[in-house]
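Trainee: Given next are the chains, with one letter for each unit.
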Amino acid sequence: MGIKLLLANDHIEGIRYYETYRKNGGYTTAEKAFKMSPADIVEEVKKSGLRGRGGAGFPTGMKWSFLAKPEGVPRHLVCNADESEPGTFKDRYLMEFHPHLFIEGLLISSYALGSNATYVYIRGEYAWIPDILEQAIAEAKNAGWLGKNILGSGFDCEIYVHRGAGAYICGEETALIESLEGKRGNPRMKPPFPAIQGVWMRPTVVNNVETLAAVVPIIQMGGEEYAKIGVGRSTGTKLLSVCGNVNKPGVYEIDMTCSVEEFIYSDEYCGGIPKGRSLKACIPGGSSVPIVPANLLLKTAKGETRYMNYESLSDGGFATGTMMGSGGFIVLDDAQCVVRHTMTLARFYNHESCGQCSPCREGTGWMYKILKNIEYGKGKMSDIDLLWDIQRKIEGNTICPLGDAAAWPVAAAIRHFRDEFEWHVKNPEESQTRNFGLAHYADPIHVPASA
Amino acid sequence: MSEQTPNPNFKVTIDNISIEVPPGTTILNAARMIGGDVTPPAMCYYSKLKNSGGKCRTCLVEVSKGSEKDPRPMPKLMASCRTTVMDGMEVKNITSDRVLDARKGVVEFLLLNHPLDCPVCDQAGECDLQNLSYEHGSEATRYEFKRRTFEKEDIGPYISLHMNRCIMCFRCVYTADQLTERREHGILERGDHAQISTMLGKALDNDFIGNVIDVCPVGALTDKTFRFKNRVWFTKPVDAHRDCPTCSGKARLWMRGEEVFRVTARKDEWNEVEEWICNDCRFHKKETKDWVIEGPSKISRSSVIAQGHYQGNVGCNSSPVLIDKVIGKQPKYTLDIHNISDVNKPNVELSKIDGPAHSDDFGLQKK
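Residue numbers (numbering that gives the first Met the number 0), protein chains in the order written: chain R, 0 to 450; chain Z, 0 to 366.
No wet-lab data here; the hints were simulated from the structure. Computed from a prediction, not measured in an experiment: that's the story for all the values here. Each statement offered as a hint is correct.
DSS-like cross-link-like pairs, simulated, lysine-lysine; straight-line CA separation at most 25 Å: (1) Z/Lys49 with R/Lys189; (2) R/Lys62 with Z/Lys68; (3) Z/Lys145 with R/Lys371; (4) Z/Lys249 with Z/Lys297; (5) Z/Lys249 with Z/Lys288; (6) R/Lys182 with Z/Lys47; (7) R/Lys62 with Z/Lys75; (8) Z/Lys49 with R/Lys182; (9) Z/Lys228 with Z/Lys288; (10) Z/Lys223 with Z/Lys285; (11) Z/Lys10 with R/Lys189; (12) Z/Lys103 with R/Lys368; (13) R/Lys379 with Z/Lys145; (14) R/Lys68 with R/Lys45; (15) Z/Lys285 with Z/Lys249; (16) Z/Lys75 with Z/Lys103; (17) Z/Lys145 with R/Lys368; (18) R/Lys140 with R/Lys34; (19) Z/Lys103 with R/Lys379; (20) Z/Lys64 with R/Lys189; (21) R/Lys22 with R/Lys3; (22) Z/Lys10 with Z/Lys68; (23) R/Lys189 with Z/Lys47; (24) R/Lys189 with Z/Lys68; (25) R/Lys189 with Z/Lys75; (26) Z/Lys103 with R/Lys189; (27) R/Lys3 with R/Lys45; (28) R/Lys377 with Z/Lys145; (29) Z/Lys10 with Z/Lys75; (30) R/Lys368 with R/Lys425.
One-sided excerpt, in silico: chain Z residues whose CB lies under 8 Å from chain R: (31) Gly53; (32) Leu59; (33) Lys75; (34) Ala101; (35) Gly104; (36) Asn112; (37) Tyr142; (38) Ile186; (39) Asp191.
The beta carbon of each residue, even a glycine, is placed where N, CA and C say it ideally should be.
The shape of chain R in the complex, shown without the other chains:
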């Protein structure tokens, strides 16, 4: 049984309401935090080794220490709750069932960063969650946790919930800032970074929901204790949202020490693949990260067991590894078609591109059209190389990471599943009636003996 920090009180009925949350030790960490200095809190977060849970995995303490603090200029904490990555729904779970844990994290972080007005930018499609959050904020305010002079510390803080209007791109931090300011959600050119000039050109920190919620256990137990959980630079616990072909899809908290195999097959987590089918491929960190076949998912190219943490999942780089990403764990069994799956993702990125810079605006649509041809039996052999070339010319050449996010899934699919693409091209009619199946994707990989 792994350690639970964020979802430790998950079994308690009514934990989403203030009274229950408070009775179960809620807001005691905030009490502790207000006795500390803001700099000490930042120091604890640094010690904890907490890494951003939104996908990039950047150390949170370091991000906080970059925040500019010019005299007389307000600073802001913005919570990125625009969780739109296909396959990722962990933040929704936190906000829906543990809103007070989230608010406590927001409060402590706001105090640490000196943000008197903190914003939660929430995905437009999460239509019912702003009500839950606003109710929780009102409860917290009634109990004196928000507003003026909190706990007599002289620190004022208000939390505002801002609804997005349904754009994936607004999950990119600078596009989110633009949208929060009421403008079109186009990513900004960097530099200046938000830590220097963010919302209304004021210093801003943008963090993911789970990151901010994790600040609560960090302050509660101390940064060093938190860092003892997990392995290496993957400290603490991570929420994973599992979907696809597993017996028990849902949100799980792991302490980053379990192996991928255990995570998929054990009854504590996903409970295996349903209907006696076998594992074909998996995207372990949300739609943007590279897809890997079963053999490379369970073992690294060196033949070592792969674990559910940042380092182990990215072992082997993009050639044979993948990424932890945002924790959207998508499992595909042998009845799934990787070509079709890649086409679906390409359609998503084509639809969500903001249209600001040329490679992403034009390239995403092109990739989708080619993939559509291959999927529906109209593809050519040269299309596969063309796809490879297009993704190569998008990746790294765009303003924001959406270009990379659109390129990586296509690149990985071709890299690992080229046989399946070629089969589609060579068998245009057969590919319309049946799937390529598991083929050799779960076969043990040949590990060259080390010299």
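Dock chain Z against chain R, hints included.
Mentor: Relative to the frame of chain R, chain Z by itself:
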């Protein structure tokens, strides 16, 4: 001001050529100070428009050395128009295969849905996209799908909008924003169906809105009063001025014989407007008697299917840097216009021709 301590300049090396520039200069502007072939092309950056640039990605360069203090190379290619120089920075533009490859990709993306209706486009001959694809593009497209089209939209009596040709550089949006008081021109939709439009489809009416025609790098915004009247390369640019109550009145007339076909603002060697002109000068003063003519514009062969860059007598403080000096060989162009056409010979100085350029001026013998 003379008491100020001398501003420490940053030394930056672009394609093996060093120059000292004030801190805060972008790589692109530093390259423009050197001039010639080391200057990256720019489709969306416009030095006169605040916040422009960074979008088209044609000006991507490789920073092979970050600075003297931090010599690490930058991992990604950088948009030179939005990246400021650091002391000791080393930049590769045409000497980097990565840059040329990425740029070729960007040109392909820009042309993907571009209609290539150059034969009937009023911009042809002075189109930045034509120049860019001439220098960096491929001979053929790999795109096999139907090109994207838009519903035609009327944005007023003077300006014609061809959304199909638009490359989304945002220049006109910034122009409308920064030159006029009301925000009446912007982008609708997103992704590959994003389009330029006016608020609620209203006509653009502002004294200076005509300048969006000049900033447009392609034929998306063209002058209705010049529409299908003549080809750009048959008209001769002449600098002229008039006493205008609204603007500086310094303009460029595009004439054929004594007839004024078109009035535009004067542009510098980077094809950027020098001074904005008003709609009255642009659309209504189409007779020679309205203007005091100064003489033929010194534009060398910039706008008439030139090979991308000015190679003449204006703008550049130093003599242009030739590509063979930088990479030790002559560039390979997709095609050399002089091999297939007798017009626009390099030895004929266009500004020295009195009337409009005519095939006779190029010594063509009629059989």
